[in-house]
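Top line first, the protein sequences correspond to chains A and B.
Residue numbers for the first sequence, in my numbering: 788 to 868.
Residue numbers for the second sequence, in my numbering: 788 to 868.
These aren't lab readings, by the way, just hints derived from the structure by calculation.
Hints should not be assumed to be uniformly reliable.
Any copy, or any two copies together, can satisfy a pair, since identical chains are not distinguished.
To be verified - Calculated cross-link-like contacts (lysine to any residue; reagent style SDA-like; alpha-carbon spacing at most 25 Å): (1) 797 - 838; (2) 797 - 839; (3) 797 - 836; (4) 844 - 816; (5) 827 - 800; (6) 797 - 816; (7) 844 - 805; (8) 844 - 799; (9) 797 - 810; (10) 797 - 837; (11) 844 - 824.
Because the structure is a prediction, the values reported are computed rather than measured.
There are 2 protein chains.
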Amino acid sequence: MRARVFVSFKSTVLDPQGQTICNALHGLGYQAIGNVRQGKFFDISVADGTSLEQARKDLEVIAHEVLANPVIEDYQVEILD
Amino acid sequence: MRARVFVSFKSTVLDPQGQTICNALHGLGYQAIGNVRQGKFFDISVADGTSLEQARKDLEVIAHEVLANPVIEDYQVEILD
Chain A
788 MRARVFVSFK STVLDPQGQT ICNALHGLGY QAIGNVRQGK FFDISVADGT SLEQARKDLE
848 VIAHEVLANP VIEDYQVEIL D
Chain B
788 MRARVFVSFK STVLDPQGQT ICNALHGLGY QAIGNVRQGK FFDISVADGT SLEQARKDLE
848 VIAHEVLANP VIEDYQVEIL D
């Protein structure tokens with residue numbers, strides 16, 4: 788089973804890296820770009836014997852405790868297959 | 788229009804950060820985790836007047852020229868809405 792965990796800054800948190808990319812794109816002539824926010828994702832493979840519920844439960848805990856900083860970041864767990 | 792560009796190491800490139808996370812998860816008792824690969828994503832908003840073809844074309848160029856290093860990274864452009 789494969790899963791993908793998305794981690795990104797909460798929308799209320801400034802994202803200077805995304806802002807820098809956005810400014811660079813405007814400088815390169817891409818005026819249609821309105822906003823850029825950067826995030827991370829983690830492609831995680833889970834052993835085949837694991838049940839979907841167990842995998843989802845574990846991944847929620849892993850995302851909350853290990854992959855994201857819940858004070859400033861949101862996360863989202865997606866089971867791919 | 789919103790788009791998401793995914794950038795990750797090519798599968799042939801080592802991902803030490805993902806490997807470290809994987810080892811940490813095993814240390815925490817998550818033995819079912821087989822592999823972790825980390826990547827980046829960019830949520831990009833495009834001005835509403837832009838056509839879908841133009842947006843996709845621009846974003847492919849932006850991903851290739853600005854967001855990713857095509858020597859070691861793969862990228863994927865997804866139009867969200």
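Within, between, both or neither: residue 844, residue 799 at alpha-carbon 25 Å: neither (27 Å within a copy, 30 Å between copies)
Copy assignment of residue 827 with residue 800, given that the CA separation must stay at most 25 Å: The answer is both: 15 Å in one copy and 18 Å across copies each meet 25 Å.
Alpha-carbon proximity context of residue 844 and residue 805, limit 25 Å: between (31 Å within a copy, 20 Å between copies)
Alpha-carbon proximity context of residue 797 and residue 836, limit 25 Å: Neither, since 34 Å and 28 Å both go past 25 Å.
Intra/inter-copy verdict for residue 797 and residue 810 if alpha-carbon distance must be at most 25 Å: Classified as within: same-chain Cα gap 21 Å, cross-chain 27 Å, threshold 25 Å.
25 Å Cα threshold - placement of residue 839 relative to residue 797: neither (27 Å within a copy, 28 Å between copies)
Homo-oligomer pair classification [residue 837, residue 797; C-alpha up to 25 Å]: neither (31 Å within a copy, 27 Å between copies)
Homo-oligomer pair classification [residue 824, residue 844; C-alpha up to 25 Å]: between (28 Å within a copy, 20 Å between copies)
Residue 797 and residue 838: within-copy, between-copy, both or neither at 25 Å Cα: neither (30 Å within a copy, 29 Å between copies)
Same-copy or cross-copy closeness of residue 844 to residue 816 [CA-CA at most 25 Å]: between (45 Å within a copy, 14 Å between copies)
Homo-oligomer pair classification [residue 816, residue 797; C-alpha up to 25 Å]: Classified as neither; 28 Å inside a copy, 29 Å across copies.
In this structure, the hints that do not hold are numbers 1, 2, 3, 6, 8, 10, in rising order.
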